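Chains as they are written, first to last, in our numbering: chain A, 1 to 318; chain B, 319 to 589; chain C, 590 to 1101.
Just so you know, these hints were derived from the structure itself, not from any lab.
Values in this document were obtained by computation on a predicted structure and should not be read as measured data.
We put the beta carbon where it would ideally sit given N, CA and C, even for glycine.
Not one of these hints is a red herring.
Covered stretches of chain A, going by a simulated chain C footprint (3 or more residues, C-beta under 8 angstroms):
#, stretch
1, 26-35
2, 156-166
Now the stretches of chain C that chain B is said to cover, found in silico as 3 or more residues with beta-carbon under 8 angstroms:
#, stretch
3, 825-835
4, 881-893
5, 947-953
6, 964-973
Some chain A residues near chain B, calculated using beta-carbon distances under 7 angstroms:
#, residue
7, Pro-14
8, Val-19
9, Phe-145
10, Trp-146
11, Val-255
12, Ala-290
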Amino acid sequence: MAKYILKRFVQVIPTLFFVILTVFLIMKLIPGDPAMVLLGPQARAEDIVRFRQQLGLDKPILVQFVIYLKRVLTGDLGRSLIYRQDVLTLILERLPTTVTLSLSALFIALVIGIPLGIVAAMKHNSFVDLLVTILALIGISIPIFWFGMILIIVFSLKLGWLPAVGLGDISKGLWDVVSHFILPSLALGILSTGTIARFTRSSMLEVLNQDYIRTAYAKGLKKTLILYRHALKNALIPVITVIGLQLGNLLAGAVLTETVFALPGLGKLMVDGIFRRDYMLVQGEVLFTAIVYIFVNLMVDIIYAFINPKIRQLYRSV
Amino acid sequence: MKFLNKQVIFGLVIICVNIFSAIFAPIIATHPVDDMDFLNIFAKPNEGGHILGTDDYGRDIFSRLVYGSRVSLMVGIVAVSIGALIGTFLGVISGYFGGFVDALIMRFVDALLSFPYVLLAIAMMAVLGAGLFNAMLAIGIVMVPSFARVMRSAVMNIKNEEFVLAARSMGASDLWIIFQHILPNITPVLIVYASLNFAGAVISEATLSFLGLGIQPPTPSWGSMLSEAKNYLQTAPHMAIFPGLAILITCLGFNILGDGLRDLLDPRLKK
Amino acid sequence: MKRWFAAFLTVAFFVTILAAPNYDSVIRVGSDQNPTTMDPAMYQDLASAQVMRNVFETLVAYDADVKEIHPLLAESWEVSPDLKEWIFKLRKGVHFQKGRFQDGREMTAEDVKYSFEREISISPMVRIYMVDRVEVLDKYTVKIILKYPYAPFLTVLTDIGAAIVPKEECEGWKDQFTLHPVGTGPFKMVEWVKDSHMVFERNENYWGEKPYLKQIVYKFIPDKSVLTVALLSGEVDITSDILDQDIPKVNASANAEAKMVGGCNVFAVYMNSIKGPTTDKRIREAFFRGIDVEQLVKVIFPNGTAQAAYGPIPTGSWAYNPSVKSFYTRYDPEKAKQLLREAGYENKPVKLTIYTPEDPNRRKAAVIIQSMLKKVGFEIEVQSLEWGAFTATTSKGNADAYTIGWTWYPDPEFFIFYMFHSSRKGTYGNGGAYNNPEVDKYIELGESSVDQKQRTEYYRKAEELIMKDLYYFPLWHKLVVNGVNKKVQGYKPSPDMMIRLYAPGTNVWVEK
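Could you build all of it, start to finish, from the sequences and the hints given here?
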């Protein structure tokens, strides 16, 4: 087990190197001079030349990369060109919004998705099963940003129940903050809800077909007991891995949700960064999210290996 | 089994309607696609002879939806092909040869998978420039890592099967084994995965167009229609509703088909 | 009768009380733009400039109409006949706000010298680039020497980039000065939550007329429709903009109104003068003849928040020419077809690519032009690019045509020079690489004379020549639109889009 964990950790190093290299190259390949974009249309040629020198953009690309890499290794993500502040500070400022959004979306997905999946599996091949299957498919087929727009039209513009966009104001009470997160979380959560419902259903079906469950039935144990004691526990273990993978989807979806609902989160920060050629910000943020993503999945894998003896055995032999 | 077949057929029907409207768009559309009726901007559904109303230029929304299916299908086909081709290539090399090549490719794939795909697509579009072809290329490239990973594990599953080992012991070349034994055996996985990614490609195009990076005006795409609609949610919600429904139904079709195919073709779930 | 009179008096009394200015108003401003910095030397955007005006002051300032320049930190000034040496007499008894590194000391000529030198050395975009050096003559007198004669220098000095800052605070806070801004202005910054809100409170030690407003709260709401919703629900008192489609809703409401004024901006299609089909004047004329600009503006702004433009000088500028239409090449589709035939495009269309950024209005204009010109024999491709790629392509003269938007000071120099002087080739302003020596001559005359009437003549002459060359197809001048709650008193919108709550001649308050 220790060997497995160590191996996984070692693998993270080249992955992160590729992350840094890729995003660095992409930002260099994007046409448009950062100095020109940042200084705006009224800038004079002299200002642009000087700004380029200040930023070190006049140096060869390889030199720029080495300088950047050295910086990152000391834990310094550099300074944003738009905001003129530490990239890490900016990220930490926006982090709570995105984390709240993602976690509440995930919460919605789990609370709705898992029960739906279980019910569908238990009533396999019935009308309920079909309904859940179709609902789950709709969940994964719906464009998040469109669903967000529809939610705004219905609940905010037509019914006037919930605010359309923006963050709440804590000075107006907790409800103001919470109410601003409801529609975005729903919009973002629907994709994961569909995925989790489907996964729970198939995982549950697989377990219900296992020999030990059949034996339990044969022994005349009560149906609900079998379900809770044996089936549910074993069926939900694989769902944990899906949660890890959903994190990537949620982060990606947050980009769109934050755009539609005008939430000042990481996604919006990054999109603005790309469009405004704030390459320091984009590089820093991509690296940050990549680290989060990689480590969350690493944790999920390790936890999974701990819970599931079969997998543990498998890794021992590797 | 009956249920599964119904599912595949249902998916196919939706897709066929799509293909049909893409091919016969000029016949189905009620108005010329770029015709601007300046006296009838923001017409509501069924107003002034427009079944689904008009947009902010006074263009017929129904006709634009019909033409928009061309873009969606094309994006689906081209982007998935790009992703599948490059992804399979990398996955097969990685899975078959293993070792350092495998480690290198997989770490790169891990890196790409670890950043949010929407951002990767946006950044690719920023590099390539807007336009339909570039959008398809960007979406295809973004799909490469996940294809590579799935194909790699498919290859790993069969590369130690007896018939492969037998072929090798008889002195068959790697190339011959790959083409003769590996590829035919991983094709079902490829088909299933490709059909599931079709919907993803359609949504990605809509997303890029929504962010203003996709197709160039005035060519109608469902995503660009939504992008225009977002400024008029209050005054003209019908502009947002119909293109979104079109995307939803199309993606639903492909997902249903992909699901059905997986149940049919994937040996693990066959039992 | 007596009773009626008493009742009338009582009512009148309360009306007077309610309507009278009060010194404890709080105003909430909703803005769709988000400030990025509070350091005058570092700013690049209007949103930052606007909020900085509360804390910092300049030597001279515009009034809310942006027509006349008033003394602010400078009481009076003189300029040498060659327009190179400017001497400013500073106001006495102006104190900085208290900060960590100084205790509200008096502002002097040394501060002007320091502030200008700081701007020149650290600003990424030196607003006062024409300044050669600053000399302190005595405690309250400062001489600014320019590199060359520059008539619109006072206009440049109204820019917040030329604000006077205290040395101790700038050096003390360094990078963090943006978070702890200190100036001589009427308000102090007390809170700034990025992307969310900002709070300013009255500076009780302010040297000038006491502001009625006790507190200003800026709320940042990026979506303009939501901004209007916030205005109508009373959540904010003034909004930075109202979308054209929301105008009827605001007009119908009981508690708010839309206030508009002609803006200092122009939107246009700039055609390439060095390569491609637009180098042929007949094709350019056909372009003008083929587009019904009034119809186009009516489709994009059905509720009238923009006016069709016929020349580059905006309606909000003092040099705007009311008879600009007299030298405009009017819509005439038949003539357009004929011109294209003459140019040799009998059976084939003229192919042209118009580049546009992600601004929905400009993109819409390009698509409508595409459709209008198709009828007279053009085949136009619209390339809608994100900003970085757009400026990279268009600045270098690589576009057949591009949609340009230009917003700046009301002085015509900032439109005519920046978009049409041959020395501006290779920048976004003159991406058409326009070069007409006669236009250059008039611009230079305009730069080097002081008399505003004389200058107006020069710039109008240049404008006429530009319009006759047909490279620049004006689209519209956007009106500046502010949503204003009816309780807000003494406010009027400014042509430069800045929300001025306290400025020469303006002191806003809110009815209770």
